[in-house]
Amino acid sequence: MQEFLSVLTSLAWPFAITLAWLVGEFGQRWTGLPRISFYGLVGFILAAPQLGVLPLPEGGTTLLLADVGFGLILFELGYRINLRWLRTNPWIGITGLVEAGLTFVGVYLVANAFGAALIDRLMLASLSMATSPATVVRVINEQKSSGQVTERALHLCALNCVLAVFAFNATVGLWIFRTFEDVGDALWNSLVVLGVSAFTGAVFGLVVPGVLRLLGKLAQDATVAFALAVILLVAITYALGLSPVVAALAFGLTARHRRVAFSQAQRNFGALGELLTVVLFVFAASTLDWRRVWAGAALAVALVLVRLIAKTAGVTAFAHLSGISWRKGMLTGVALTPLSVFVILLIEHARHAGVQVVEELRAVAAVTMLLEVFGPIILQRALVWAREAPESHHAA
Amino acid sequence: MPLEPFATSAPLTFGVELELQLVSLSDFDLTPASPDLMHLLKRKPFPGNVTPEITESMIEINSSVQTDYRTLLAELLEIRDTLVAAGDVLNIGIAGGGTHPFQHWSEQRISAKPRYQELSALYGYLAKQFTVFGQHVHIGCASGDDALFLLHALSRYIPHFIALSASSPFVQGHDSGFDSARLNSVSAFPLSGRAPFTLSWADFADVYFAKMERTRIIRSMKDFYWDLRPKPEYGTIELRVCDTPLTVERAAALAAYLQALCRHLLERKEAPPLEDDYLVYNYNRFQASRFGLDGVITHPKTYEQLPLREDIIATLDLMEPHAQALGSLDALLHLAATASDGGDASFLRGQHERQGSTEGMVDAAIRRFRGR
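Here the protein sequences come in this chain order: A and B. Following full-length UniProt numbering, the numbering of the first sequence begins with 1 at its first residue and continues without gaps. Following full-length UniProt numbering, the numbering of the second sequence begins with 1 at its first residue and continues without gaps.
Where hints are given, some of them may not hold.
What the hints assert, rightly or not - Once the Cα atoms are required to be at most 30 angstroms apart in a straight line, the calculated DSBU-like pairs of lysine-lysine come out as:
1. B:Lys113 / A:Lys144
2. B:Lys269 / B:Lys301
3. B:Lys269 / A:Lys144
4. B:Lys113 / B:Lys128
5. B:Lys269 / B:Lys211
6. B:Lys128 / A:Lys144
7. B:Lys222 / B:Lys211
Think of the hints as simulated: they come from the structure by calculation, not from any bench.
Construct the complete structure from the given sequences, taking the supplied hints into account.
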């Protein structure tokens with residue numbers, strides 16, 4: 001019996017991933033909704049606290065694997081960011097700062113109204129600034145969307161993730177030092193983490209294209225080389241306690257500005273990317289416990305709403321100045337709704353850094369679950385309403 | 001509906017249309033950005049005119065009717081600067097070039113305009129494969145007869161324009177071996193090629209056009225995709241074989257060359273055009289699009305083999321007095337330099353070699369269009 005159980009346990013992950021993939025494919029076909037919404041749903045249902053098919057997440061290998069999947073996506077996001085745009089159209093950067101700032105303040109106030117502790121309020125507020133790069137990149141690729149809402153969602157997403165990592169690390173730093181006298185230290189510490197992470201990524205961004213050029217195989221082998229480099233980079237940042245998010249973003253950004261081929265056919269890192277995305281989303285949702293989700297539901301709904309309003313208002317305010325219609329500005333704000341995966345990985349990392357306080361953030365779990373399923377759908381709708389996703393890819 | 005009468009226009013006035021690529025600066029692929037760009041451009045007055053094209057990743061700009069090369073060039077430069085500034089706001093690169101080197105036709109989106117939707121329904125994938133970018137030059141003609149005379153007299157010089165403007169060596173990610181691969185896409189259309197031979201407008205309108213209309217294959221002149229076609233509503237002939245060059249300077253120079261050639265031909269000192277001139281037409285056209293300036297053409301009257309580059313340089317020399325009279329000497333100098341140094345197609349191949357990727361090549365084309 002014991003042996004049979006251990007066989008079953010070892011089958012759990014492959015089973016869950018296969019099931020999630022199948023549900024994603026059929027679900028997408030029947031409903032037209034994004035595949036990743038279904039991955040999240042399957043992960044959540046099969047998780048230990050729910051059906052109990054999957055073992056309790058304990059970090060380690062699965063977390064590393066999820067991090068690699070996430071790293072690939074962030075590399076791709078970084079690769080699509082054009083820094084020069086932020087210079088030629090400064091309103092994009094200002095939009096990013098304002099929408100993230102408004103979100104921070106809005107979420108902080110709502111959490112306060114719900115009586116959350118200071119540290120919880122700060123953590124919630126900083127996590128909420130971010131938009132999930134995994135969702136944004138995957139849905140945009142899946143829809144083959146293109147246009148101003150798409151472009152701006154990508155750029156603002158990269159921007160608010162960096163801001164969120166900074167604010168989150170500062171908050172974690174604060175929690176570790178436990179006193180406000182050390183605010184300066186916490187901020188400084190967070191800046192250093194950000195800086196060193198970005199630097200590590202940038203070094204990869206210079207070295208990998210250089211090696212590819214030496215090999216003279218820019219076009220054919222770029223995908224494999226970049227994928228291997230991302231795996232290495234994630235492992236290094238993991239070992240050194242740096243931010244894999246910022247490092248992978250910086251890697252993509254530098255590679256792009258070195259004009260290295262990463263062609264359309266290699267979007268999502270092909271089959272490897274597909275596979276790791278399923279793992280990433282199933283893993284992320286499997287860390288959630290329905291009891292915590294339920295307990296935090298009221299706060300979660302309030303948070304999702306205030307976040308949506310803050311982001312939409314922040315982006316819409318600068319729509320005209322930054323050169324698009326009010327309508328597209330509003331839709332860009334709506335497109336920034338997805339959160340999910342990013343938050344979970346940050347929390348998992350904080351847990352590893354010894355910050356137990358996040359266990360009490362029930363609302364985070366609930367927000368995550370809500371947006372794991374609804375975030376991609378909302379983003380997809382925003383792209384369709386903006387007429388940036390070709391008709392044939394819509395839901396019927 | 002019978003063909004409208006040939007409108008009167010001042011002879012040798014000219015205008016330029018350029019189809020341009022809208023490129024995402026994120027990944028250097030084409031991006032269906034024309035709705036966003038048009039929205040932004042509506043906010044302030046636009047020099048010349050800008051219109052959406054068949055797929056949403058293209059736009060067409062056109063100059064106003066001009067008499068002088070310098071004012072044409074000035075207008076095109078102003079249009080370019082306005083477009084580039086708008087592109088900067090939206091993270092869109094704007095580029096010339098007859099093809100985008102690695103776009104996939106299947107991913108292009110047909111514009112919402114009813115005419116384009118109709119074309120798409122009729123031509124199927126050809127419509128999306130028509131995501132190619134050309135320069136059209138209009139030349140004003142005093143009468144329909146003059147227009148048809150010029151149209152056929154110019155057939156001998158068509159390879160010049162193909163070779164001087166050729167800027168589409170890459171298709172779907174690979175070097176096609178052609179300097180102008182774009183022309184092959186145009187040839188797929190059933191009503192492409194050359195206009196029927198007649199030098200009388202009455203014959204053209206009342207016999208040929210009337211018959212074609214009765215076949216119900218065509219409804220208007222717009223349905224013909226000829227290399228050179230009369231445009232009765234403007235009182236012009238329209239040259240359609242050029243790839244969009246990488247710079248507006250070259251576009252203006254090509255227009256000025258055509259203007260000078262027309263002035264020369266209208267003196268009627270050369271042997272008049274004949275149906276037999278077209279014996280060599282398709283092969284010469286092929287030589288120019290395949291080998292560009294290195295092509296070898298056959299003279300339609302003497303059947304002499306002429307290296308295209310030498311024929312162009314000799315013709316440019318011959319045009320000097322006309323350019324003097326029209327104030328476009330600089331344009332001919334520009335083209336003479338192009339003929340000897342190599343055109344846009346060789347520039348693009350060089351960039352592909354140097355940058356190591358088609359993305360790098362698109363980036364170089366964008367920078368060249370900006371003029372910086």
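Hints versus structure:
At most 30 angstroms may separate the alpha-carbon atoms for a hinted pair to count; lysine 113 of chain B and lysine 144 of chain A meet this at roughly 22 angstroms. Proposed proximity of lysine 269 of chain B and lysine 301 of chain B is supported: the alpha carbons are some 14 angstroms apart, at most 30 angstroms. Straight-line distance between C-alpha atoms of lysine 269 of chain B and lysine 144 of chain A comes to about 58 angstroms, which puts the hinted pair past the 30 angstroms bound. At roughly 15 angstroms between alpha-carbon atoms, lysine 113 of chain B and lysine 128 of chain B fall within 30 angstroms of each other, so this suggested pair holds.
Annotation: proposed proximity of lysine 269 of chain B to lysine 211 of chain B is violated, straight-line Cα distance about 34 angstroms (limit 30 angstroms). For the given pair, lysine 128 of chain B sits about 16 angstroms from lysine 144 of chain A by alpha-carbon distance, which is consistent with the 30 angstroms threshold. Taking the CA atoms of lysine 222 of chain B and lysine 211 of chain B, the gap is near 16 angstroms; set against the 30 angstroms cutoff, the hint holds.
The structure shown violates the earlier hints numbered 3 and 5.
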